[in-house]
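Residue numbers (numbering that gives the first Met the number 0), protein chains in the order written: chain A, 0 to 305; chain B, 0 to 358.
Quick caveat, the hints were computed from the structure, so don't treat them as lab data. Any given hint could be a false lead.
[As the list claims (entries may be wrong)] Cut-off 25 angstroms, straight-line C-alpha distance, at most; resulting in silico cross-link-like pairs (DSS-like, lysine-lysine):
1. B:K350 to B:K295
2. B:K4 to B:K354
3. B:K219 to B:K4
4. A:K175 to B:K350
5. B:K4 to B:K221
6. A:K212 to A:K139
7. A:K139 to A:K118
8. B:K175 to A:K175
9. A:K175 to B:K348
On a predicted model such as this, the values are computed, not experimentally measured, just so you know.
Below are the chains, spelled out letter by letter.
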Amino acid sequence: MEEIIISVAQRTLVAGTPLLLGTIGEILCERSGILNLGVEGVMSMGAVTAFIVTLSTGNPWLGLLAAICAGMLISIIHAFASVTLQSNQVVSGLALTMIGLGVSGLMGKPYVGIPLPVKMNSFDIPLLSDIPYIGPIFFKQSPFFYMAIVLAFAVWFILMHTTIGIKIRATGENPKATETQGINVSLIKYYCVIIGGGFSGMAGANLSISYSKSWIEGMTAGRGWIVIALTIFALWNPTRAIIGAFLFGGIFVLQYLLQPFGISPNLLGLLPYAATLLVLMAIGFRNSQKLNAPAWLGEPYQKGER
Amino acid sequence: MVRIKVTDRDTITNQQSLLTLVLSLVAGMLAISLVFLINGVNPVFAFTKIFSGSFGSKFGIMETITKAIPLILIGVGLAIAYRAKFWNIGAEGQLLAGAITGTWVGLNWGPHLPSYIIVPLMFLFGFIGGAFWGVIPAILKIRFSVNEVISTLMMNYICAEILTFLIVGPWKGKTKYGYPYTDDLPDSAILSVFSGTRIHYPTLALGIIAIILLGIVIYKTKFGYEVRVIGENIDAARYAGINFFKTTVIIMIISGGMAGLAGAGEVAGVHHYLSYPASISSGYGFTAIIVAWLAKLNPFFVILSGLFFAGILVGGDAIQISLGLPAATVQVFNGILLVFLIMGDYFLKHKVTLKWAKD
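Same shape as in the complex, but just chain A (with noise of 0.2 angstroms):
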């Protein structure tokens, strides 16, 4: 019973680590005021670049540093047609996905079906993996949880602590004005859109190179939309996506754990996504008037503008 628990404690925070990883980059990303629907292609690009990286090098840390890259050079396409051009971003952001989920077919075709030889190990940190019950939960984990983890109280701490944090929470809230400050608006939401998208692009090497050693058209199922409601239950806080990832990985595993019930697996498989509404309804229903989101989230803004 005891190592069960345990067991599924890990694998909670197993499948819940991609989904933190992207909530942050996403939150960073609409906490400048832009809306990045993208994140789901984004991911997938991630997925496919570390892989593929990894399988030619050998070495997983330069398949997580290409999928970084990645992930932060299509996001440029977003940063462009929203910041630059002003378009409605929930179009731009659609199209990044079919474009990233798309390209990273096109690039991962060779791959399918390919296992990888090596891949991130886990690491387990000494001392404090010996502790009972919460060493080998917390602290055997592969090094994607660690980072996570620090990067979430990193980004709280820049966007809540520091100056550039100000900055991004300013234009989010009122670019014009930020603007008046002195403050280039433009190029704060380029920044932020690029390295959310390097987030994502990590989350998606997470899920090829550590989760599941494989490349597979479409394995990043949905996640980057859940990362998306994600944002919106974290309530734009990297600390309390902490919380909201976690308890969706914990829905991950919960799939597993209730296949030997004999309940159809496609009934199981629909967890997560009717949990994503749920989840929504809830907060929306506690308090649907202020959610607290960056004032000007989604909205173009035009430099200059009235």
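Could you slot chain B onto chain A? The hints should help.
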């Protein structure tokens, strides 16, 4: 130093619109060529294959029309939703919902009813199925302020899982040798086609009627006006006393219902039984988003853009087979063309001039 000067255009002529559209598509094709090239595919060969596959032969043209049917039906419904800025990304799920309800009616009532009763009933229930699936996100948005992009997408996944559950479980056909398909629809429930093609013309006719009706609704009725006001200025809509709840629900009944019609049509006209979500719809619900966008949300233009993207789907199948490309290739097309259409809009609305200035 190059100076970029951007000014708003005061007037936009039809010629400018058309020219921008054509240039955006050409630029998009060039970008797609680049992606092909990077991935080791000869773009000239690929494009020749695509267009000869879709528009180059009688068979190709017939297939293109067949695939245009669902795109047109869905595209017209999405055009209405997007006019009100209700971002329905869930047409894929609404199509599947219509396929489920349509199939149920056909399988259960078909054997006892003549064709002229069962076919309209299947379409009716297909519409209801899609509308039901589309109204849920509308209500979630109004009552719980749930973002409709996420909810409609989640509803896609949920419907696909339910459909799969049905065909591997309770609805699995006794005549299908263990394959996860339902039994074939009875003959009375199968749509007629133009001989030698797969063009199920009853669905096509429904699409044309829907376009005319919705065209009138959008441009000539008070409801159409309210849809536009909601889309352009939500505060003005509230101030003008437009019933936001009612209008949004009706919009999604139409939008979801049209996708549901397409779903019932695909089963009754093309497949004749229910099978995996990916074979019932080759991503029509997603491709239709760009169909609606390329048509500038004009129901009548949806016919043309529907045919265009149906051609890409058919040609896409052709290059997938001959070049061994993955199914996602069509997504590359869709995504890149969409980006270039957006960019085109910018250059249509703004005048951008480059000046050489000596600093």
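Self-check item: B:K175 paired with A:K175 [C-alpha distance capped at 25 angstroms]
Solution: Distance of about 64 angstroms is beyond 25 angstroms: violated.
Quiz item: Keeping to a limit of 25 angstroms between CA atoms, is the pair of A:K175 and B:K348 held or broken?
Solution: holds (22 angstroms)
Quiz item: Is the straight-line distance between the alpha-carbon of B:K4 and that of B:K221 25 angstroms or less?
Solution: Violated, at roughly 41 angstroms.
Practice problem: With a cut-off of 25 angstroms on the C-alpha distance, tell me whether A:K175 and B:K350 pass. | Solution: Judged against 25 angstroms, a Cα distance of about 23 angstroms means the pair holds.
Self-check item: Proposed proximity, B:K4 with B:K219 (alpha carbon, max 25 angstroms)
Solution: The hint is violated at about 39 angstroms.
Self-check item: Straight-line alpha-carbon gap B:K350 to B:K295, limit 25 angstroms
Solution: At roughly 20 angstroms apart (the allowed maximum being 25 angstroms), B:K295 and B:K350 satisfy the hint.
Quiz item: Given the hint that B:K4 pairs with B:K354, does the C-alpha gap stay at or below 25 angstroms?
Solution: holds (8 angstroms)
Quiz item: Taking 25 angstroms as the top limit, are the C-alpha atoms of A:K212 and A:K139 close enough?
Solution: Judged against 25 angstroms, a Cα distance of about 18 angstroms means the pair holds.
Quiz item: Between A:K139 and A:K118, is the straight-line Cα distance small enough, at 25 angstroms or below?
Solution: This hinted pair holds, its Cα atoms lying about 15 angstroms apart.
Comparing the model with each numbered hint stated earlier shows that hints 3, 5 and 8 do not hold.
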